[in-house]
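Peer 1: My request is simple: use the sequences and hints to build the entire structure.
Number of protein chains: 2
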Amino acid sequence: MTDLRIAQLNMPPGMVDFSAGQPSPSLLPLALLRKAAADRLGGNDAPFLAYGAEQGDGYFRSALAGFLSEHYRIAVEADQLFVAAGASMGLDLLCTLFASAGDTVFVEEPSYFLALRIFNDHHLNIVGLPMDADGLIPEALEEELTRHRPVFLYSVPTFHNPSSVTLAAERRQELVALSREYDFFIIADEVYHLLNYAGVPPPPPMASYIDSNTVISLGSFSKILAPGLRLGWIQAGAPLVKRLSGCGLLDSGGGLNPFTSALVRSTLEMGLQHTQLTTLKTAYTQRKIALCKALKRYLPETVRFSEPDGGFFIWLVFPEDVDTKQMLAEAQRQNVGYLPGVRFSSLGRLKNCARLCFAYFDIPELEEGARRLGEVFKAFMNDDYRMKNDE
Amino acid sequence: MTDLRIAQLNMPPGMVDFSAGQPSPSLLPLALLRKAAADRLGGNDAPFLAYGAEQGDGYFRSALAGFLSEHYRIAVEADQLFVAAGASMGLDLLCTLFASAGDTVFVEEPSYFLALRIFNDHHLNIVGLPMDADGLIPEALEEELTRHRPVFLYSVPTFHNPSSVTLAAERRQELVALSREYDFFIIADEVYHLLNYAGVPPPPPMASYIDSNTVISLGSFSKILAPGLRLGWIQAGAPLVKRLSGCGLLDSGGGLNPFTSALVRSTLEMGLQHTQLTTLKTAYTQRKIALCKALKRYLPETVRFSEPDGGFFIWLVFPEDVDTKQMLAEAQRQNVGYLPGVRFSSLGRLKNCARLCFAYFDIPELEEGARRLGEVFKAFMNDDYRMKNDE
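Respectively, the protein sequence lines represent chains A and B. This note's numbering applies: residue 1475 is where the first sequence begins, and numbers increase by one. This note's numbering applies: residue 1475 is where the second sequence begins, and numbers increase by one.
Hints were generated in silico from the structure; no laboratory data involved. Please read all numbers here as calculations on a predicted model, not as lab measurements. Some clues are possibly wrong.
Each pair may be met inside one copy or between any two copies, as identical chains are not told apart.
Unchecked claim - Below, computed lysine to any residue pairings styled on SDA-like, alpha-carbon distance capped at 20 Å:
no., residue 1, residue 2
1, Lys1716, Leu1478
2, Lys1716, Arg1591
3, Lys1509, Asp1519
4, Lys1716, Met1475
5, Lys1852, Ala1768
6, Lys1716, Asn1594
7, Lys1716, Asp1477
8, Lys1767, Asp1783
9, Lys1799, Arg1823
10, Lys1716, Val1674
11, Lys1770, Ile1837
12, Lys1799, Thr1776
13, Lys1716, Leu1483
Peer 2: As structure tokens, this is what we get:
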């Protein structure tokens, strides 16, 4: 029988699955895209229906550069931008062009678990590096550099997935200096950078350092507009952009998403993307506050977490002896879900952690989910239950 | 200065560059896509804006299966279809998942030159196999199989790029039998299969043989709707579709082009794609006839070609001692262009051949281009000219 799903996620009614790391369905911008499509398809000319320029539609890149200059608070040039069919596809292309099977890549511990899967498909050797409250620890990186020659370090520097930690400004500079000294790329996944809920902006994005020619920044419309568009970008220095634009895939198929770029160009030029970002930041700020408050109410103090300044996630640290993968069975019985910490570990660790996403659900659902999670934890900490399940 | 191109191709005014292997700009379906966008974006629900189902939108795949069943004249099931962001991207993904650096792939001689570039980016070892008027020669394939263990054979079985030759029906069966016996995949690039201009249909597509689990068929909307959409499909048996849908890139980014799939679903369901295909076949048939007639008029009989039954291309074979790469300089002076045969050779051969595309230009331009090509050839065959250029 044919699987007629349109969307990837299949959330059963009544379920509060905090593992869904994606924008809220209620905030998907259908009306906005209707306007953009009417604008772009209403003319007489459609160069965006032909094979697209390899680097991406120049007018779209110009509009995006203007948008990023404002929101990144740095000067972004259209020439630095290469249009990708989503950040994941950009990462996949970078793996094809810059790495070979058996090469080593450094990742943070924890790291975005699906990036790890892409690295596995390219048969790369993954080495995890420790983080603290200020992000990746440069001294730990330097120590590993004496043992390995990585082709790149993959990092989520701002509002980290899953830990929500932000890499401190001075550490960013230290990482760039190390990348130049030891000759490896830093692939900075900055898809959450624009989702800042604090009064003060985060440190400048790693995209500020692309002149080093060792830093490659990934961005995406998935978190600020709609994931189904499959539209993102790679920001890098001229030699890297040239290498990407000149590869066989681009030569054969042309630019990676010309039609969608043309429509999203209208959302940028008409100011609709700016409005949407404001809407999202307001909604997600409220959701984050509500979920943190509910977690404090329903979970004991032995379960630790930091309230994030941006992004999508809350990273829960349960007592050392709690295995969140084991606890998930009880959670699912109580119609609540999360992603166990071990999924984010390249070292098979973090078994007592869990990632919750606060972006997907409305506030009443988030509160109900937190309440259920409290019940789950209480039941799980009951010795009888755990002994029964350990048999 | 920013490159503001939207389209990949930059055709100077007055130039008739037959190397442009793409649909005619005058036939790009802007009005059709305006209707489809109004239809799909006019509702209240937009599941296609979320991360898409990994295999691709189920309703889109069902509509596509119906369309292909009619036009391929075989039973196509939605379950056999995996949605890709263009055939090139599908090919790139197959290289990532099924091949490793150093692996051998077989191609036809000549072969689609940009596929060869994709294989190079994946560091694959390319072996060219001879063709005749009935396509790839099975005996030659079998002989090479005693020397190599290819991961796959890449073939354009119907209306070949660049030679326009079609693989004979019985040879298709022989190739499938060999792929089973020697355990390699056949990746059949069938993007021209639907562009048939003869009274009789071509042999059944290689997609008919996917139950062997060794055959993978690539299809695309680039040649029958618009290349800028970056929408294509992979048709394969269940285990292969499962492997594709389960890879890291899909897990991370969801389906490869959900938004565009949703719009193109409307073109299929509203019958617009069917109408567009009829329009294209009529226009391209007339262009092919006009160009063949003009070539016969302006080129001497020493330049050989066969009138194609479908696709985009005419393959010119000049006398043995003509180097079409060398002749191109004279062609460009006379405002006409083509792709030299050597570009399609993995063996550095076919120096006396050239590919012309008849899809891009209107009839008067095709005729003028043929006239110029006749002048170019005449000038080039002038001994004085060639000696001067040989210095």
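Peer 1: Now tell me, hint by hint, if it's right for this structure.
Peer 2: Hints versus structure:
no.: 1; hint: Lys1716 with Leu1478; result: between (40 Å within a copy, 15 Å between copies)
no.: 2; hint: Lys1716 with Arg1591; result: between (27 Å within a copy, 16 Å between copies)
no.: 3; hint: Lys1509 with Asp1519; result: both (18 Å within a copy, 15 Å between copies)
no.: 4; hint: Lys1716 with Met1475; result: between (45 Å within a copy, 14 Å between copies)
no.: 5; hint: Lys1852 with Ala1768; result: within (15 Å within a copy, 84 Å between copies)
no.: 6; hint: Lys1716 with Asn1594; result: between (26 Å within a copy, 17 Å between copies)
no.: 7; hint: Lys1716 with Asp1477; result: between (40 Å within a copy, 12 Å between copies)
no.: 8; hint: Lys1767 with Asp1783; result: within (15 Å within a copy, 70 Å between copies)
no.: 9; hint: Lys1799 with Arg1823; result: within (11 Å within a copy, 59 Å between copies)
no.: 10; hint: Lys1716 with Val1674; result: neither (35 Å within a copy, 46 Å between copies)
no.: 11; hint: Lys1770 with Ile1837; result: within (15 Å within a copy, 74 Å between copies)
no.: 12; hint: Lys1799 with Thr1776; result: within (18 Å within a copy, 74 Å between copies)
no.: 13; hint: Lys1716 with Leu1483; result: between (36 Å within a copy, 17 Å between copies)
Hint check: a violation occurs at hint 10 only; the rest are consistent with the structure.
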